[in-house]
Amino acid sequence: MGVITDHLDLWGEAIGGTLVLFFGGGLIALVLGFIVGAMRVSPIPVARAVGAVYVNWIRNTPLTLVMFFFAFCVPILLRQRVDPIVLPMIALGIYTATYVAETIRSGVNTVPVGQAEAARALGLGFGQVMAFVILPQATRSVIPPMMSVFIALLKNTTVAAGFSVLNLGSIRSWLSEQGENQLEVLIWVMVIFVVLVLLLAWLQRILERKWRIAR
Amino acid sequence: MSGSVLYDVPGPRAVVRNRILGAVTILVVLALFAWVIWRFAVTGQFSAEKWEIFGYTQIWVLIGEGVVNTLSAFAVAAVGALILGFVLAIGRMSEHAWLRVPIGWIVEVLRAIPVLIFMMLLYYGLPVVGIKMSPYWAVVIALIAYNGSVLAEVIRAGVESLPRGQSEAGYAIGLRKAGVMRLVLLPQAIRAMLPVIIAQLVVTLKDTALGFIITYHELLYVIKLLGSNAVYHSPLIPAAIVGGSIYVAMCLLLSYVAYIVEKRTRRSPKVVVVDTGEGEELTTATATIAARRGLGNNDASGL
Chain Y
442 MGVITDHLDL WGEAIGGTLV LFFGGGLIAL VLGFIVGAMR VSPIPVARAV
492 GAVYVNWIRN TPLTLVMFFF AFCVPILLRQ RVDPIVLPMI ALGIYTATYV
542 AETIRSGVNT VPVGQAEAAR ALGLGFGQVM AFVILPQATR SVIPPMMSVF
592 IALLKNTTVA AGFSVLNLGS IRSWLSEQGE NQLEVLIWVM VIFVVLVLLL
642 AWLQRILERK WRIAR
Chain D
990 MSGSVLYDVP GPRAVVRNRI LGAVTILVVL ALFAWVIWRF AVTGQFSAEK
1040 WEIFGYTQIW VLIGEGVVNT LSAFAVAAVG ALILGFVLAI GRMSEHAWLR
1090 VPIGWIVEVL RAIPVLIFMM LLYYGLPVVG IKMSPYWAVV IALIAYNGSV
1140 LAEVIRAGVE SLPRGQSEAG YAIGLRKAGV MRLVLLPQAI RAMLPVIIAQ
1190 LVVTLKDTAL GFIITYHELL YVIKLLGSNA VYHSPLIPAA IVGGSIYVAM
1240 CLLLSYVAYI VEKRTRRSPK VVVVDTGEGE ELTTATATIA ARRGLGNNDA
1290 SGL
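Those protein sequence lines, which keep their order, are chains Y and D. If you count by our numbering, then the first sequence holds residues 442 to 656, one letter each, in order. If you count by our numbering, then the second sequence holds residues 990 to 1292, one letter each, in order.
If you are wondering where the hints come from, they were derived from the structure by calculation, not from laboratory data. Please read all numbers here as calculations on a predicted model, not as lab measurements. Idealized CB from N, CA, C, for every residue including glycine. Any given hint might turn out to be false.
Said to hold, decoys possible - Not the full set, but computed from the structure, chain Y residues with beta-carbon under 10 angstroms of chain D: (1) Gly-457; (2) Arg-613; (3) Gln-619; (4) Leu-637; (5) Lys-651.
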């Protein structure tokens, strides 16, 4: 326990860094992913194509490479310094947005066409069809896989360790400078992640059970 | 577009509106590209001296070595992950609780540990207790452990999606447990899950890039090396573009294989299509099970 209790402030900062990356990246991913997901199911062929290219290309790019672009190349292009945690956060957001978009798209696709047709036959307008019939059903089938996306995001925050951001992934190098046992540090990091991930997975199971669709 | 739940066949006004929105989309994308190209031009990324480095054979040999290192880590990790996946899947489906329960825990824990942390544990952590290993093996072993546990879940999901009659018929003709698994269940499960399995291999390929962080000399490492070469005016952005394209091309190629297999699976009469009862059309057992369990594509890289 000495590794933790002797450096409480550093551990606090590292967990803080991970949480900033997680929530910041998650917010960017949700907003961007929602826009791209909407583009991919829209009636506009150009928007669908743009969405498809974005999703396919970014998904086939290693996250490390996306972060490499943002952390090293963007400051050169902007010609100014940026807060070191911001760029990896944007990279995480842009990368995770593709998964959010795909989850939203497949969620919308699970709603049978007959549902919308029946709603229209009742005389509901577009907004009403969306608000009362389609979105409530789509949301329910989107939430469990969306939790998997966020579990993945949480684990992906460690990649920022390669780009000099203090988080749980890089606390090892900070503590090893102070002569701490690296094995012990890494095992504690692992334990924290396993606990956090199992917590999220447990939440996912509860939500899944609560919002199961009875069809 | 009669197949969508979201909108009806557009009328004249909707057609006009869609065209306007389409034009706006094109404008936004073009503006984004224009801005990037403008920044490139301003910071002198198009100058000949920044790209000069790619005129030398020696440099391409270096890049080639990076690609070979990436692919060799991927190849060993992929084979290892497949083997580990089978072992864990069969263990987790065992009838003996003393085998099933611990293996279930191992799979869950391995899936919960970020791959990078596992690599660091192998590369920086184990030397403390006297086990030294090259970055190559740290990358490979971490990838095998993580992807093997994910593949185990994929294979198990595939087996469990098969109708019970399959194994019952197997037992009825006198096969034993091993025979039922080997001759009846696994061949069908693998065929149904092949696209997800290949998609997971794409994740493996992407995750080899994490080796960069623990100083494995793979493609990204070479990019960084070339990019910070002051003799050639530190061409970081050109190097990232060249190396990044190679990475994306390799992953897209493998994803394309998964796509082809998926399409063939969908048509194949040999694959059991599970009736999901969820009103999903045109879906194989694969896609449904994967979506339900949040496997495959949702299990993003670097985890």
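Does the structure break any of the earlier hints, and which numbers would those be?
Checked against the structure, the hints that fail are numbers 1, 3, 5, while the rest are satisfied.
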